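Residue numbers (our numbering), protein chains in the order written: chain A, 1 to 332; chain B, 1 to 882; chain C, 1 to 292.
Because the hints were derived from the structure by calculation, they are not lab data.
One should not assume that every hint holds.
[Claimed, not checked] Here are some chain C residues pointing at chain A (derived, C-beta under 7 Å):
| # | residue |
| --- | --- |
| 1 | Q119 |
| 2 | R126 |
| 3 | G130 |
| 4 | P254 |
| 5 | S261 |
| 6 | G276 |
[To be verified] Per the computed footprint, the stretches of chain C lying under chain A, defined by three or more beta-carbons under 8 Å from a beta-carbon of chain A, are:
| # | region |
| --- | --- |
| 7 | 103–109 |
| 8 | 264–272 |
Predicted model only: the values in this text are computed from it and were never measured.
Just so it is clear, CB atoms sit at the ideal spot from N, CA and C, and this is done for glycine as well.
These are the residues of each chain, in order.
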Amino acid sequence: MINPYVLEPHWANWMLTLEMFVAGVAAGTFFLIALMNAASAPGRAGAEDREVAARLGFIPMPLMLVVAILLIADLGEPGRFMNIIFRSPIAEERGPGIFMFNPNSPMTWGTYVIALFGLLTLVPFADALLHTGRLGREPVAADRRRILETVAHHPIGMAFCALVALAVGTYSGVLLNVTSQNVWGDTILLGAMYMVFSALSGAAVAAIVADRLGYARTASAVRSLLVWFAAISGLLLLVFLVNLAAVGRASPLVADLDQLVAPIFWIGVVGLAILYPLLALWRRGPVVTRGGRSLAVAGLDLGRLAVVGTGVLIGVLAFRYVLLYSALAATQ
Amino acid sequence: MDLQHSDAVVFMGSNMAECHPVGFKWPMKAKARGATLIHVDPRFTRTSAMCDLYVPMRSGTDIVFLGALINYVIENKKYLEEYVINFTNAGTLINAGFKDTDDPGQDGFFSGYNPQTRAYDRTTWQYQTDAAPVRVPEPTTPTGEQSDGQASQPGVTSRPGTLGASSVAGADFAALIANRLPGVPKTDISLSHPNSVFQILRRHYARYTPEMVERVCGTPKELFLKVAETITANSGRDRTTAFVYAVGWTQHTTGVQLIRTAGMLQALLGNIGRPGGGIMALRGHATIQGCTDIASLYNIHPGYLSTPDATKAHDTLRDYILTETQPTSFWSNTPAYMVSQLKAWFGDAATAQNDYLYDTLPKMTGDHSHLPVFVEMSEGKIKGMIVTGQNPATSINSTFQRKAMASLEWLVVLDSYETETAAFWKDVAGADPKAVRTEVFFIPAAHIAEKDGSMTQTQRTIQWHDKAADPPGDARSDLFFWYDLGKRLKRRYANSNAPRDLGIKHMTLDYDPEPAEVAEWKHKDEPSAFKIFKEINGFTVQPKRDLATAVPLNSFANLQANGTTACGAWIYTGMLQVVSGQMVNRARMQPGKNDGWVSPNWGWAWPGNRHQLYNRASADAQGRPWSERKKFTYWDAAARTWKNDSGEGIDFTPTKAPETPANPRGIGIAFHSGAHPFLLKTDGKAWLFAPSGTSDGPLPTHYEPWESPVKNLLYKQDRNPVAKIWEVGGNKYNEFAGAEFPTVITTYRLTEHHLSGTMSRWLPWLAELQPELFCEMSPELAREKGIANGDYVNVISSRATTRARALVTKRLRPFTIDGKTVHQVGMPWHWGYMGIATSDVANNVTALVADPNVTIHEGKAFTCRIERAADQRSNAPKGAKV
Amino acid sequence: MTAGTKGMFVDTSVCTGCKACQVACKQWNELPMEDNEAVANHTAFLGDSYDNTGHLSATNWRHVKFVEQIGPADSSDRASPRWLMMSDSCKHCEQAGCLEVCPTGALFRTQFGSVDIHQDVCIGCRYCVGACPFGVIEVNKKTGRVNKCILCQDRMEIGMGTACAKACPTASITFGNVDDLKVMAAERVKALHARGETSAYIYGWDLGNSGEITAGPNKGAKVKDMEVVGGLNVFYLLLDKPDVYALPAAPSVPQKNMAPSAGVALISAAVLGVTGLAAFRRRRMAEAEVRP
Ligand SMILES: Nc1nc2c(c(=O)[nH]1)N[C@H]1C(S)=C(S)[C@@H](COP(=O)(O)OP(=O)(O)OC[C@H]3O[C@@H](n4cnc5c(=O)[nH]c(N)nc54)[C@H](O)[C@@H]3O)O[C@H]1N2
Ligand SMILES: Nc1nc2c(c(=O)[nH]1)N[C@H]1C(S)=C(S)[C@@H](COP(=O)(O)OP(=O)(O)OC[C@H]3O[C@@H](n4cnc5c(=O)[nH]c(N)nc54)[C@H](O)[C@@H]3O)O[C@H]1N2
Ligand code: SF4
Ligand code: SF4
Ligand code: SF4
Ligand code: SF4
Ligand code: SF4
Ligand SMILES: [Mo]
């Protein structure tokens, strides 16, 4: 008999692959901003961090716009999207009230979290605008900056933002976990993995920005981040594979080389996202500076950090692809 | 419905679960009650899946299987002796000159065979009888015609000049029939006389052994014995077994004999006329039973009266009646039935003085059934054809039939869809439509729900149905078409004084609807189906015929031979009593709940609301139920009447006591004793040996199909010597037992489609369920031929090639026939080149060859060659002709 | 399950595979043919026994499966042949994965205990598609919304049974109160066992029966009634292991993954936060070292 009791996973499409990747990068970047603000210290390094964080602030908001467009394009009808947040009067079984909230549905959580996150991305964006002098001249800007800085750099505020960012990175993984699809429903690790990989992508973005701006001190920290996040990702991935193997579903991911998923898994996920940063950045060297400009970090020319970052980003994209399409591969 | 009472059911020659899925609930009920279900079929089907035992056999070998069961029953004394002695002709003595197929020098032929005419003379097959009563001289008929049973010249029209003269005025048919009583058949109730039917039967089937079954049918001996044990264990006083068949048995050159074998077996086991017994003939098209009853066959009039025949002594009505009336069976009533029918057709114009216009009826001159008609058509002998409710372009040897239609001048197709027949020219002419000169008229027909009417199903139960919707567009009912055509003809001949036109002039076309009948519909001139229904039922003739007010008759016993009653078909007389009530309350009737289980009120069964024919046989010779468990019709000695507690009509003279002796001077069933249940037989008994009625032998005998890869292992004569064959161009037969066509093939149906597919392939919901023609084959054959499941294969015969998908399945199997492997494949035949789901026509590969008794084709067993198609593209053109 | 919950009992032991249910469903619910082009182009033939519609979908709310078991596949042995047929549809689960994940409330539990869809609320997010453990619910390519068997909600509202049950000639599908159907199912299994057909057991509820498969590749394997996802209001009498009918052997509600998945994610969040902060902290120390 050829009819499977699992239908083809409909989310295995390029739009959603891209959507999850972009949202993950936005979330990861935001996480990095929060991290930098939270860890910010006095002195030169702190100044560099703040500088980088401010530039990173430009990134999440537009990315989230792209996410929204992708989501709407994927659903087809923008109007209907509202039914997740505002209860349609027809759905009377869900009780009175104008809001729709299904606590059992990761999609409900995800939608609320994304909406909130979308709003929050305005803060670093404004911060970045101010920082780069694009939001009016002094002294007006000074007032605004004060207000913004208290908001944007508030430690509790930052912790909260970091959590929201991570939640955005996570929810689609949890959502995949909460299905009956092959691979997705076979594990409980996707939420964590999605989160870790979006943090990794955030670190990669930060690495590129720090590198291109030439902030070696920040770059040095981001280097460590990349290595550690890659290590955590690798560890999780290992547990995940053991988990899949235990339920007999590992082969489409790792062994069916005639399908796209397994090669992309090995080259993209294992190679680019995990091994590449680990191997390239493992050895830590001194930060070399000349005339206030950093030249090298960790024994590495600054330019190369951006290359590694780009590689990691491609690796994370591969991760999105592999996970979305793994269910399809395991169903065919 | 009766099947629910069976203790064992053998489906053989039927795929009931697939072809009669709704009726199949009754055997399923029996199974739930503990009955054993057996399926004997070349293929493992959806019916097999529901059965306790599946028994494979090669197509075309059923007589060996059933004959071996008869042998088993006789040799193991498993027959119901009291039943056999009293209710069958087992003890009757046969003419001493009779020679059986196994007698020295007979080589598979019975005595009386004439190789020149390829026909039998049945003289030696007759009963030995006491001397017949001495005949008294009869007055000659008023016109002085002969009435001695001599046929006039075939093809000569009867005395046109004398049309209107009377042969029946003043005739006393009772006396004339009494004067024709035969002698009483001689019997030996010890069944031991060498000329007795029983002993002939025993000898005839002695070589039909379980080993022979294994050699010829390919059925493992153990499986055969399991069937034998099951049916004998489930037959007798307290238990009954039913056989269920359909066209898996009929479509053979031995079709009629094959079914007789089962009838004989059931008679031996005492399973006929009893609840849960019998042989159930599952009919085909929705009301094919009604069509047979009301005569869509060329050789019978409504109610199974014979069509006047120029090759028989049918010159005058008197000749017809005296030839057709059987003095010693229920058919002794033929005069009343025939005269009433003529009164129904010609109304007030039909009188004894003009022989009720009998002479205006056309007489048949030979076999005018489907296959010979198309052969004549191919020879250019037929100018035009009206096709209604049929799709011959996909019928047996369909390439031949389509070509034949191209020699018509005109063709009218009355159908709801543009069928392959309506579009036959598209196939025959290919790219050049001008190549076919036939003028085709397509007339859109209303579908069943779009008209009033009745249906008679497989149990002879008739039900009325109301029109539910107006037909779309120009579509009209068939009734309207024929009624209108009839009226036009009447107008055309209104001024003719030629005697031959009297029939048309006096046709009673008075079926105009009452206003209430058409009030809610768009067409106000649709004829009244109900008036026709009433005419079929029969009524007492009033001074002036008026169908609206005519009083319906309640029983065929009321029909008269003197012109005072009119009746379209005697078998249906009385139906209006139940059917008119049923029009109101059928929906509320539930057989077995608020109606008797035989459904006396839910559905009226002919004749006389008797659902179970010969049900007197459900009591023993003394009229007592065979057992309490199988109690049905029984004699109530106190009330001196036959009774049945389920509301069933008694198929017997209601007050004729079981001990009533046979009356050698009695007419009709009075000739039989009170212990003879089989009213329609001349001796009141079930026939284990048929002295008349069959043209290919008194006993069923195994012959191989006309096309078979193996020779007959039982007789020197391979094939039915009197089978109907047509050795004409385009109908070449595959060499018998030759190497070129080594594979046995059968054709059949699927639940998902209906017949030629017009009623299913045009319907998206059904089209998608079985989208394409396929050929089922075993993995063993597929491997041999390098065929993979789903591949396109060519199915090749001497007629043509058909392209089909391979459905490789272990449900089919190779047979070991006499030590040699013989493969069998099968194709459902529902496809054609029109409609939503299209494919090649399976019938391209079949041949025109038929049973000698009823001219049924042999679509169930022939030969072919299977090859993997070179072109595997899904839209590739059809297989090349060879 | 509340009293009066309606459902269907599907007894596969009497299913003749006639597909009347499949067609009746399409007729009553006015569903189109699945793929016109495939039929027209002669690519619709599946060659999978007598099945040519493959699976349940937005336009096939009912689907009849065919499993041929005529002896081992690679041998000519054809002993104790079986051809299993099973008519499948939405199970109207007591714990319905589809319903639980639906973010809009389009999927809802009806007054009859069945699971229905508000077409005008559904946004076509397809979450329910992946959530159903049985592959039942599907997106309708024309409307972008999802469709599946709705237990003939409109018929039930006027006191009628389901169209498929009505059409089934052998009463393989019976519509009724689930409580009554369970009694009927238990009797049916017992009757089959008494006949020697010990393969029979119930998929959907645990009515206490157990038996042993009598034929086919799993011959001799033990089977017993199984309750799945809190009970199925459309439940089955099967004659072989669930996977033979392409039914999951141990289906579960996807929600079971939600809390663990979120929990592991929370731990990861903590790890990430700590590592992140540590990275910057470490850098500060490293920086201190290089400072001349
Ligand atoms: N769904 C559906 N139902 C139908 C019809 C339809 O087209 N579709 N058609 C209706 C009509 S008109 C008719 S006549 C009936 C026919 O009803 P059936 O006779 O039941 O139909 P078939 O499928 O033609 O043949 C029955 C079986 O005969 C088997 N068979 C072939 N050769 C032999 C043989 O030599 N011996 C034996 N014992 N079996 C053999 C075939 O494998 C097949 O399974 O069905 C009616 N019902
Ligand atoms: N090889 C092979 N050939 C066979 C058989 C086989 O088993 N094998 N089976 C044989 C048997 S048993 C049969 S019965 C025949 C059947 O063969 P046909 O009778 O030729 O086939 P049908 O498809 O039933 O054709 C009936 C036509 O009547 C039309 N129709 C339906 N209702 C009405 C109506 O109310 N009015 C009008 N005017 N038209 C209507 C339908 O649309 C359809 O086109 O085929 C025979 N041919
Ligand atoms: S098609 Fe009509 S006659 Fe044939 S089984 Fe179905 S309901 Fe009965
Ligand atoms: S079977 Fe699937 S679609 Fe139906 S109720 Fe259960 S989870 Fe929902
Ligand atoms: S596709 Fe429709 S019904 Fe399914 S979860 Fe989304 S909104 Fe609910
Ligand atoms: S219950 Fe209604 S909707 Fe569901 S499968 Fe049956 S007919 Fe279709
Ligand atoms: S209608 Fe009944 S017997 Fe026919 S396939 Fe459906 S469930 Fe089986
Ligand atoms: Mo037929």
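Identify whether the interface hint at C/G130 stands, where standing means a beta carbon of chain A within less than 7 Å of its own. Holds - the Cβ of C/G130 comes within 7 Å of chain A, reaching about 4 Å at its closest.
At least three residues with a C-beta closer than 8 Å to a C-beta of chain A: is that true for the region 103–109 of chain C? holds (count 6)
Holds or violated: is there a CB of chain A closer than 7 Å to the CB of C/Q119? Violated, about 9 Å.
Hint status (Cβ of C/G276 to nearest Cβ of chain A, threshold 7 Å): Check passed: Cβ of C/G276 comes within 4 Å of chain A, closer than 7 Å.
Holds or violated: the hint that C/R126 contacts chain A, with Cβ atoms closer than 7 Å. holds (4 Å)
Hint check: 7 Å Cβ-Cβ cutoff, C/S261 to chain A: This interface hint holds because 4 Å falls under the 7 Å limit.
For the region 264–272 of chain C, count the residues whose Cβ lies under 8 Å from any Cβ of chain A; is that count three or more? Held - the region 264–272 of chain C has 7 residues with a Cβ nearer than 8 Å to chain A, which meets the minimum of three.
Interface hint compliance - C/P254 to chain A, C-beta minimum distance less than 7 Å: holds (5 Å)
Hint violations for this structure: number 1 only, all remaining hints satisfied.
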